[in-house]
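Put together the whole structure using the sequences plus the hints.
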Amino acid sequence: MIRFLAVRALTLLAGLFLASLIIFISLRLLPGDVAQVIGGTSASPAQVEAIRERLGLNVPLPLQYLDWLGGVFTGQLGSSVVSGTSIAAEIAEKAQVTVPLTFYSLTIALIVALPLGVFAAYRRQALPSRVLSVLGVVAAAVPAVWAGLLGIVLFSTWLGWLPSQGFPRDAWADPLTAIRSLTLPALTIGLIEGAVLFRFVKSATLSAIGAEHVRTAMSRGYTRLGALVRHGLPGVGLSVVSMLGLQVAGLLVGAVVIEQLFSLPGLGRMLVVDVGQRDLIKVQSTLFVLTAVILALGALVDVVHRMIDPRLRVEEQ
Amino acid sequence: MTESNTSAPAEAPEYRKRGHSKTPLIITIAVIAVAAIVAALVFWLGRDRDSTAGGGGNGAGKELVVGLQLEPSNLDIRATGGVALDQILIDNVYQGLIGLKSGTVDEFVPVLAEELPEQSDDGLTYTFTMREGVSFASGNKLTAADVVDSLSAAEGPASLSTALGAPVTVTSPDERTVMLELSAPNSQLLWQLANRPGLVFETAYTGDLASTSNGTGPFALKQWKQGDSITFAANPEYWGEKPAVETVVWRYIPDANAATNAALEGDLDVLAPVTSNMVSQFEGTDFAIEHADSTDVFTLAFNSQKAPLNDVRVRTALSMAIDGNSIVEAFYGDGKVLGGPITDLEPAYEDLTSVNAYDPEAAKALLAEAGYAEGLELTATIPSFYASDAINQVVTQFDAIGVKLNVNPVEFGTWLSDVYSAPEDGSPRQYDLSYVNHAEANDFVNYTNPDYYFGYNNPEVQDLYAQSIATTDPEQAVELVQQAARIVAAEAPAKWLINYTPANAVAKHVQGFPNSNTNSRINLAGVSVS
Chain C
1 MIRFLAVRAL TLLAGLFLAS LIIFISLRLL PGDVAQVIGG TSASPAQVEA IRERLGLNVP
61 LPLQYLDWLG GVFTGQLGSS VVSGTSIAAE IAEKAQVTVP LTFYSLTIAL IVALPLGVFA
121 AYRRQALPSR VLSVLGVVAA AVPAVWAGLL GIVLFSTWLG WLPSQGFPRD AWADPLTAIR
181 SLTLPALTIG LIEGAVLFRF VKSATLSAIG AEHVRTAMSR GYTRLGALVR HGLPGVGLSV
241 VSMLGLQVAG LLVGAVVIEQ LFSLPGLGRM LVVDVGQRDL IKVQSTLFVL TAVILALGAL
301 VDVVHRMIDP RLRVEEQ
Chain V
1 MTESNTSAPA EAPEYRKRGH SKTPLIITIA VIAVAAIVAA LVFWLGRDRD STAGGGGNGA
61 GKELVVGLQL EPSNLDIRAT GGVALDQILI DNVYQGLIGL KSGTVDEFVP VLAEELPEQS
121 DDGLTYTFTM REGVSFASGN KLTAADVVDS LSAAEGPASL STALGAPVTV TSPDERTVML
181 ELSAPNSQLL WQLANRPGLV FETAYTGDLA STSNGTGPFA LKQWKQGDSI TFAANPEYWG
241 EKPAVETVVW RYIPDANAAT NAALEGDLDV LAPVTSNMVS QFEGTDFAIE HADSTDVFTL
301 AFNSQKAPLN DVRVRTALSM AIDGNSIVEA FYGDGKVLGG PITDLEPAYE DLTSVNAYDP
361 EAAKALLAEA GYAEGLELTA TIPSFYASDA INQVVTQFDA IGVKLNVNPV EFGTWLSDVY
421 SAPEDGSPRQ YDLSYVNHAE ANDFVNYTNP DYYFGYNNPE VQDLYAQSIA TTDPEQAVEL
481 VQQAARIVAA EAPAKWLINY TPANAVAKHV QGFPNSNTNS RINLAGVSVS
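Residue numbers (the numbering used here), protein chains in the order written: chain C, 1 to 317; chain V, 1 to 530.
These are calculated hints, taken from the structure and not from any lab test.
Some hints here could point you the wrong way.
What the hints assert, rightly or not - To give an idea of the chain C side of the interface with chain V (calculated C-beta under 10 Å), a few residues:
hint, residue
1, V34
2, Q47
3, S80
4, E93
5, I152
Said to hold, decoys possible - Chain C residues, not near chain V, derived (Cβ > 10 Å throughout):
hint, residue
6, G71
7, L150
8, L206
9, L244
Stated by the list, open to error - Chain V stretches covered by chain C per the calculated footprint, using a threshold of three residues with CB under 8 Å from any CB of chain C:
hint, segment
10, 204 to 214
11, 228 to 237
12, 246 to 256
13, 273 to 286
Given the structure is predicted, the values throughout are model-derived calculations rather than measurements.
Beta carbons: idealized from backbone N, C-alpha and C, even for Gly.
Now the structure itself:
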C-alpha cells in the first residue's frame with residue numbers, strides 16, 4: 001500500500017508539472033497583449049511599452065515560466081497584473097460560488113442517475129425504462145446553454161419560482177437565498193451530467209445482472225433483486241466512484257458556460273473575463289489550481305478504489 | 001418488490017435473510033426524502049426573502065442598484081484606460097476644478113474651483129480660485145499643492161500634458177490659487193480639465209487606488225466584488241449637499257438576457273443600457289424607457305493605409321452603399337443617422353447626412369471607376385460583444401454593390417492588438433474594416449493623427465484642427481473643426497453608421513437619473529429613490 005501511495009504521489013506530481021507546461025505554452029499562443037488592454041484606447045505606443053516593461057512581459061518566456069512555476073510550488077500565486085488584487089484571494093472568493101455549485105450539481109446528478117439507472121437496467125424491457133433511456137440520450141446531448149435558457153423560461157419567467165440570474169452580494173450570509181440562486185444553474189448542469197451518469201449506471205448494472213457471481217447468488221436462493229443489491233451493486237458503486245473523478249471535470253467545464261448564462265460571480269466567469277483581458281498569469285494560476293484539484297481528486301479516487309476493492313489488494317500480493 | 005419465495009429451493013436460512021435486506025431501499029428513500037425536504041424549504045422559505053434580501057433597491061429605500069455592461073478591470077483612474085472608469089468614478093468619486101453640467105459635453109461648471117477660471121487675453125494663463133472647506137474621503141484637507149501635483153502628472157491616461165499634447169506649467173501663488181500656464185493657446189484646455197486629466201488626487205495618500213478610492217466627491221468606494229458589482233457609499237467628508245441615495249450598487253451583467261431578467265425580477269432599479277432588441281420586454285412594467293442622447297458613434301472604419309481602401313473612391317463607394325436608416329432599424333430605433341464624425345451633443349455638429357448619402361448605383365459606378373467592376377472581398381474585424389444585427393445589414397448592402405464582406409468577430413483584446421495598435425516594425429496595419437463604438441466626446445482629434453488606427457492622413461484637416469486648437473476665440477474654434485469635419489466626411493476614412501442613443505430602463509421609483517451620455521459618465525447628483 002505504501003509503495004502504491006508513493007507511486008501515485010509521484011505520478012500526481014509529474015502530472016502537475018506537465019499540466020503547468022501545457023497551460024503556460026497554450027496561453028502564450030493567444031493573440032493580444034495585456035499591456036494594450038490596460039492602456040486601453042487612450043494609451044500611446046510608448047505608454048503601452050512602459051506598461052509591458054513594468055509588468056515584466058519583456059522577460060524571455062522560459063524565465064517567465066520558471067518564475068511562475070517557482071511561485072506556484074511555493075504557494076505564492078502572486079497578484080493580477082490587471083486589477084492588482086491577490087490571485088489566491090480572488091480564487092478563494094469565486095470558489096464560494098463554483099464549489100457549492102459543483103457539489104449541488106453533483107448531488108442532483110447522483111440523485112437522478114443512481115436510482116433511475118438501476119431501475120432502467122433491472123426492468124429494462126418495461127416501457128418506463130425505455131422512455132427513460134431515450135430521455136437519457138436526449139438530455140446528455142443537450143447543450144448546457146440551451147437547457148439553461150429553457151429552465152429560465154420555465155421556472156423564472158412563467159412560474160416565477162426561482163431567480164434566473166445573480167448571486168447575493170453578501171454571498172453566504174443568507175444561505176437560503178444563496179442556495180436559491182444556485183438552484184436553477186445546478187439543475188441545469190446536474191440534469192445534463194446526470195443523464196451521462198444515468199447511462200453509465202444503467203450499463204454497469206446490466207453487466208452486473210449478467211455477471212456470474214450475481215447469477216451464482218441467485219442460484220443459491222437470492223431473488224433477482226436481492227442478488228443484484230447484495231452482490232451486483234457494490235461493483236457498480238466502484239465504477240461510479242471512478243467515474244465521478246471524470247464527472248467533476250465535466251461539472252467544472254459546465255460551470256464556465258452556466259456561470260456566464262446565470263451571471264454568477266464564480267471561477268468560470270472570472271476565467272472568461274481574465275482571458276478576455278489577457279491577464280495570463282491569473283488565468284494560468286487559476287487553471288493550474290483547477291487542474292490540481294481534478295488531478296488530486298483522481299488520485300483520491302484511485303486510493304479509495306484500492307481501499308474498498310478487495311481484488312486490487314489481492315493482486316498486489 | 002415483487003419477490004416470490006415459493007419457487008425457492010431448500011437453502012441455508014442466512015441467505016434468505018440477507019435477500020430480504022431493505023437497507024439500500026431505505027437509504028435511497030431517505031436520500032430522496034431529504035432532497036425533497038431541502039428543495040421544498042428552498043422553494044417555500046426563500047420566496048418570501050426575495051423582496052428583502054434579494055438585492056433590489058425596492059425595500060432598502062436609499063439604495064440604488066444600477067445594472068451596467070462593462071466592468072472596469074482596475075479602479076486606478078490615473079493608470080487604467082477605458083470609459084468604464086469615467087462612467088462611474090468621475091463626478092461621483094473624483095472631481096476636478098471644473099466639471100461638465102450634467103447632460104452636456106460643452107457646458108462647464110465650477111466644482112472644486114469657486115468659479116470658472118480667469119483667462120488671460122493671450123489665452124496662455126488660466127487662474128483658478130479654489131473652493132474652501134473641501135476634504136478628501138481620507139479626511140485630509142484639499143490643498144493647492146494636491147491640485148498642482150495632480151495636474152502636473154507627466155504620464156498615464158490622466159495626464160493633462162499628454163491629453164493636450166503640450167506641456168502645462170501648474171503653480172500655486174497662494175494657498176487658494178492655482179495657475180495654469182501654456183506655451184501656446186489651447187481651446188481644448190477647459191474640456192480636458194472637465195474630464196479625466198483634470199481630476200484631483202491627494203498627493204499624500206498611500207492607499208492603493210486600484211482597489212480603494214480617495215476622492216472629494218459625494219461617494220466613496222465601499223466594496224468591489226470583481227466580476228459582479230461595485231458598491232459606493234455616501235462620503236461623510238463630502239463638501240457639498242449630501243446625495244439623496246446612501247448606497248449605490250453598480251452591477252455588471254455582460255449577458256444581455258441576464259441583465260434584462262435581473263431588471264424584470266426587481267434586482268435592478270436602473271439598467272443602462274437595455275440591449276436594443278430587448279427594449280420591448282419592458283413594456284407594461286414598472287420601468288420607463290428613456291433614450292439618452294450620447295456621443296457614442298458606431299464607427300465602421302476603413303483602413304486608409306491599405307489597398308484597396310487607400311483609394312478614396314473605394315471608401316466613398318462603400319459609404320454610399322450603406323443606408324443609414326436601415327442601420328437605425330437594425331438598432332431597433334435606438335439611434336440617429338449620422339453623416340460625419342461629430343454628434344449633435346458636441347458644439348461642432350453639423351448635419352452631414354447628405355454627404356456620401358445612400359446611392360448603390362453611384363457606389364457601383366465608383367467601384368468600377370476604381371477598377372473593381374467585378375467586385376471586391378474585404379474582412380471586417382469586430383469585437384465579439386456587439387450585437388450582430390447592424391453589421392449583418394452592412395454585409396447585405398455591400399453585397400448589393402458586389403462587395404463581399406467577411407465578418408471576423410474577435411475578443412476585445414485581440415481587436416486591440418490586431419486593429420488598434422500599430423505593428424511594432426512600423427509597417428501599416430493589416431486590417432480592412434473595423435466596427436467599434438467610439439463613446440468618447442470631442443474625439444475628432446483621431447482624424448488628424450495619421451498614426452491612429454484609421455490611418456487617415458490629410459494635412460489640410462490636420463492644419464485646420466491645429467488652428468482650431470490654437471485659437472482663443474471659441475466660435476472660431478468650432479467653425480474650424482466644422483470645416484475639417486466636412487472634408488473628413490467627404491473623404492470617408494470611416495462610415496459613421498449610427499449615433500447610438502441607448503435605451504435606459506429606469507424604475508418608476510427612481511427620480512432624476514441622467515438621460516444624457518450615460519454610456520460614458522453617470523453623474524448621480526440629484527438622483528433619488530422614493
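Hint check, failures only: Those not satisfied come down to hint 13.
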